[in-house]
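Novice: Read off the chains here:
Number of protein chains: 2
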Amino acid sequence: MSSFTETDQLAINTIRVLAADATAHANSGHPGAPMGMAPVAHVLFNRFMNFNPKNPKWLNRDRFVLSNGHACMLQYALLHLYGYALTIDDLKAFRRIDSITPGHPEAHDTPGVEVTTGPLGQGISNAVGLAIAQAHTAAVFNKPGYDLVNNYTYCFLGDGCLMEGVSAEACSLAGHLQLGNLIAIWDDNRITIDGDTNQAFTEDVLKRYESYGWHIVTVLDGDHNLDLIADAIQKAKEVTDKPTLIQLKTTIGFGSKKQGTHDVHGSPLKADDIKQLKEKFGFNPEESFAVPQEVYDLCHKASAKGAAKEEEWNQLFAKYAEEFKAEHDDLIRRQKGELAEGWEKHLPVYTPADPAVASRKLSENVLNKIFEAVPELVGGSADLTGSNLTRWKGAIDFQPPATGLGTYAGRYFRFGVREHGMGAIMNGMAAYGTLIPYGGTFLNFVSYAAGAVRLSALSQVRAIWVATHDSIGLGEDGPTHQPIETLAHFRALPNCMVWRPADGNETSAAYYVALTSKHTPSILALSRQNLPQLEGSTIEKAIKGGYVLHEVEGADVTLISTGSEVCIAIDAVKELKEKHNIKARVVSMPCMEVFDAQPKDYRLSVLPDGIPSLSIEVMSTMGWEKYSHEQFGLNRFGASGAYLDVYKKFEFTPEGIAKRAIATIDFWKDVPNIRSPINRAFQQLI
Amino acid sequence: MSSFTETDQLAINTIRVLAADATAHANSGHPGAPMGMAPVAHVLFNRFMNFNPKNPKWLNRDRFVLSNGHACMLQYALLHLYGYALTIDDLKAFRRIDSITPGHPEAHDTPGVEVTTGPLGQGISNAVGLAIAQAHTAAVFNKPGYDLVNNYTYCFLGDGCLMEGVSAEACSLAGHLQLGNLIAIWDDNRITIDGDTNQAFTEDVLKRYESYGWHIVTVLDGDHNLDLIADAIQKAKEVTDKPTLIQLKTTIGFGSKKQGTHDVHGSPLKADDIKQLKEKFGFNPEESFAVPQEVYDLCHKASAKGAAKEEEWNQLFAKYAEEFKAEHDDLIRRQKGELAEGWEKHLPVYTPADPAVASRKLSENVLNKIFEAVPELVGGSADLTGSNLTRWKGAIDFQPPATGLGTYAGRYFRFGVREHGMGAIMNGMAAYGTLIPYGGTFLNFVSYAAGAVRLSALSQVRAIWVATHDSIGLGEDGPTHQPIETLAHFRALPNCMVWRPADGNETSAAYYVALTSKHTPSILALSRQNLPQLEGSTIEKAIKGGYVLHEVEGADVTLISTGSEVCIAIDAVKELKEKHNIKARVVSMPCMEVFDAQPKDYRLSVLPDGIPSLSIEVMSTMGWEKYSHEQFGLNRFGASGAYLDVYKKFEFTPEGIAKRAIATIDFWKDVPNIRSPINRAFQQLI
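As given, the protein sequences belong to chains A and B, one line each in that order.
For reference, each letter of the first sequence is one residue, going 1 to 686 in the numbering used here.
For reference, each letter of the second sequence is one residue, going 1 to 686 in the numbering used here.
By construction, these hints were calculated from the structure, which means they are not laboratory data.
Certain hints may be false.
Stated by the list, open to error - Here are the computed lysine-lysine pairs in the DSSO-like style, where the Cα-Cα straight-line distance is at most 27 Å:
no. : chain 1 : residue 1 : chain 2 : residue 2
1   : A       : 57        : A       : 249
2   : A       : 270       : A       : 249
3   : A       : 626       : B       : 207
4   : A       : 235       : B       : 659
Claimed, not checked - Not everything, but these chain A residues come out facing chain B in the computed CB check (under 7 Å):
no. : residue
5   : 25
6   : 54
7   : 407
8   : 410
9   : 683
10  : 684
For each residue, glycine too, the CB sits at the ideal point set by N, CA and C.
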């Protein structure tokens, strides 16, 4: 006999009707997937998930990720029914400006939304990250008798998510990592926007996931048979050494006259269709956004159970505090996003007497110095460990213990050659709440992960890219690997810090700001080639994003530069002085976004009125007009050759800079009262 | 008895020694994969591939793609041995500046290199595109008795390529498309840069490819058994309704003292190691870059056979010309990259009396009008056909005939939700030489394909992105789908045209330039919302990239805008005139890259000295400082809501523009001789 009642069915139909009402009211949105997935959503939320809507941030809650984010009315309906801070009016404001119910789920806006989804393939990859974070946090903090962290991560996904390469990368790694705490439910409705999936997607998905090492379950009737759905989820929970994919056969837009067709995918139902839907499900066709009280009661009962579970957990955690004070306090601290007191004292400091070192190596130095003081810092590389230098000495790999290659308490990640998957996984890891993830690759290949980096920025997570080989200075690998457009790309992305440190102190500064910026991702662009430790650089100055590295009275020109070109600009100062009797000052600008946030008088002191300026950066000049009058860069692809030969070819030498500095001075000599580019006619909206 | 002799083995060892010599000479590069794959490379080039080194562009040649592009010394050695225009001195110049043997293979530089590879996963995806192009070209041009186009595409790839999501996308589609002409050979050496593949890559690759619908062959000894290798390739050729993956077990760096370890992956062998290698293989350890004459002879014999094949083919093609004159001439024309005479007369032309239409719809109009006149234009969408409007009326789908959904002669592609795969496939299709591919998705998701777009630009192929929903103007889908940084990103990419047309004539102009630019990819950013047909726009003006749309004598300010904001700028002119007695002129700038290529006096006529200018574009302002004195844009994420509400929120209204125009005039009023941003102190290197 089924353990489900008519009220369960009513709850399911309520979700369907709410989805139809909200999309019709918004005159936009996706009713089909919410209506098709309402049964599994109900079963999952009502019978399996542990959560407390009054405290959506409870550490040990089960995580729910809607990878097919266009189905968000499903999630909003659930959050409302279960008592999260999301009212019926919020549902009515679906897809309206400034609502907490936007067209796709946004984590930073809506209580109960764990990660920002919609761009397909991201959510399931975030879910892998959430599951990794759970496994690691459990391995570090659980103790005998204290199974503090044991939550599951559940993810809904559609055909689109399965077609995206990012999910392939993340799911292959999830299989390797044997993440038994991850349960993905595939809405197998055979419909995409273009129509039947047989037009483009005829692979054997289950076989593919088996090849990744996943456990597979199939539910042939996801529309009606709630017991089968519950059995499938239960079976998935019991397999603890493999992630599970549940194939759930559903009918898109179940209940609509057009159910099972792509007409219900991305457009609201017509009025007469909604009318028959409500009649069929026993709702009053004259009413909209109606929720039967017994449905609220059923859902709130589950929420109350979740709240009680949290209360139990709080008691356990209080007991844990007595026995494991340090761990307890550490876990509290991590959840606040704050770093351990005094951690920053471990950041390396350099003087000009220290040897020239590549900034990728300077980054490794930072990791070696701070890894103990910042235990929540975990990360790795997309198969470029020896090039990115992302692994501190003696690091233990995060690996399933069965492999013999590491443990789940390990903090170093072998992401494989999977940049996009790594980026999306980092977003999930950061969203879990106890970790700060970093990932290494060549700067040029951060672009492979652009979709994930964008969501780091939009969802305001602290993820750090260790992006080495940051310019044509990588030399022989050539133009296929030499970034030109990359910094411009990510500087144009809102809420993303792009750092390009010039030496050791600036590298320490980059880590300092990246690690202390709770709501902003960072990309650290680091050199392959050696860079001298500069006279005049300090961590304190560099954390302002831009500062005067070399001042001279009565300067004729300001040279502004970043990273590996700063030391060449310094040499150009000598060249200009000695050969041309020209006085140049030098500004180092390791991070434009941080510089922009400084008070205007500071910025004007760095880039003052009255003298012309020339920026020097060995890639696209795009964006530099905001800070400099003239720009020296590389608006073409690079070349394969020894680093110094490549720099010489493109005139990134003291002489090449001096030549352009002279041209700049000459071009601006007749302009009275030269205005710093810092001065603008109006403020930008932010 | 083996059909291979000692000379075959000598040829293989010659490749190995050349790879060791060249990487040692360059003091950089990857000897391991060339040494491991030398046997299969020899068998493939010597026994299977049809090619004529004297005419590397012969249409029906077999295509060879080195997806693991870091192994390029393998390819360079082959090209040299078989008599392509690549001398022993070119091998000595491996990875040197301005050589034709750069660190990764670049198609536009090196004869015999089909596509530019190195960024992992791209080559195999290009190979899918080459195979698609072959299937389509064959279906269109082959006739009974004229099997004109029947070449195979062979691709080498490594573990890294298999881990990348882009290859997963492309290979899933290749299986669906039943591309029997595609043969991929996986260098299964168990080693990546980080070490053993068991650290991150333990999936069952063969099972995965079976799940995609591929045919699978395994060669357990790829180091020695040439007959097994030949058998495997032969079997692969015989399976004509499935692509084949050959798993070839090899030893990385075969012959080195460190063979089978990641030490030989990315660093040259030490001198003593090279010495023992040469001794072991019977080479003089004192000599470098030595090629035994019998090896040249063996290779040149194969090349001569290829040349004879081409000669045979030329005769067949000459006979074809008699019977199928039109098709013959069409094929010749296509290979030159030239469009059919008069095609451009089909481009739609509009007057202000025509109704307001979304530019995605204007793009559909272009496709509907030109598809007959431009038969080499083929394309589709990443599962957004109804949104991108990429399908002309009555188009036939490119599908395996067995599916009943289309034919290989079909010109419309169902790419599935696979943006990155689509981009890389387009690069392969374009490289084949008979097609101009286009692909549709939302502008925001072109970023998923950034890795492929970059290679379109670097390898100079004509691929076109139909990128709709190009701004916050898409409305309700919200910030997850609203591009902010995307145009800046691709404008910063060298050799990539970014078009954002404002109306019908500009949309026709965008297609005109995109289709006639043989060596440059284009991104067409198109609106979801309706746009009026503008007074003053013409195709002739718009193909200059930027032009004066609205002129007024004694103007106080220039408003520069693109796409959907141009019509709002025009409304702002009225607002400024009527409410503030201010005279504004308007410049439409649909394509910066094309505008930049105009003579300076033209550019100065559009953006003259003497008056201040304000740019208006509803996304990142980055890059606009190059053209305007002040910038109105959106340097934050957008919002979910009805399109007009979103525009209003961010003040993209005639009033919002007028306010900023006034601020601009005010800010610049005391500056004498305002200089147009077109004037620069020095020229950029290009």
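Novice: So, as I understand it, the hint says residue 407(A) touches chain B; can you test that by seeing if any CB pair is closer than 7 Å?
Specialist: Since the shortest Cβ distance to chain B is 14 Å, the answer is violated.
Novice: Would you settle whether the hint for residue 683(A) is holds or violated, based on the nearest Cβ-Cβ distance to chain B being less than 7 Å?
Specialist: Since the shortest Cβ distance to chain B is 9 Å, the answer is violated.
Novice: Closer than 7 Å between Cβ atoms is the bar; does residue 410(A) clear it against chain B? Give me holds or violated.
Specialist: violated (12 Å)
Novice: Has the given pair, residue 626(A) with residue 207(B), been kept, meaning a C-alpha gap of at most 27 Å?
Specialist: Violated: residue 626(A) and residue 207(B) sit about 53 Å apart, past 27 Å.
Novice: Are the Cα atoms of residue 57(A) and residue 249(A) separated by 27 Å or less?
Specialist: violated (32 Å)
Novice: Was the hint right that residue 684(A) lines chain B, CB cutoff 7 Å?
Specialist: With a minimum Cβ separation of about 5 Å from chain B (threshold 7 Å), the hint on residue 684(A) holds.
Novice: With the threshold set at 27 Å, check whether the alpha-carbon distance from residue 270(A) to residue 249(A) stays at or below it.
Specialist: With a Cα-Cα distance of about 25 Å, the restraint between residue 270(A) and residue 249(A) holds, given a limit of 27 Å.
Novice: For the pair supplied as a hint, residue 235(A) and residue 659(B), confirm whether the alpha-carbon distance does not exceed 27 Å.
Specialist: violated (63 Å)
Novice: Using 7 Å as the Cβ threshold, decide whether residue 25(A) counts as touching chain B.
Specialist: Status violated, d = 12 Å.
Novice: Regarding the hint that residue 54(A) lies at the interface with chain B, is the smallest CB-CB distance below 7 Å?
Specialist: violated (26 Å)
Hints 1, 3, 4, 5, 6, 7, 8 and 9 from the earlier list are contradicted by this structure; the remaining hints agree with it.
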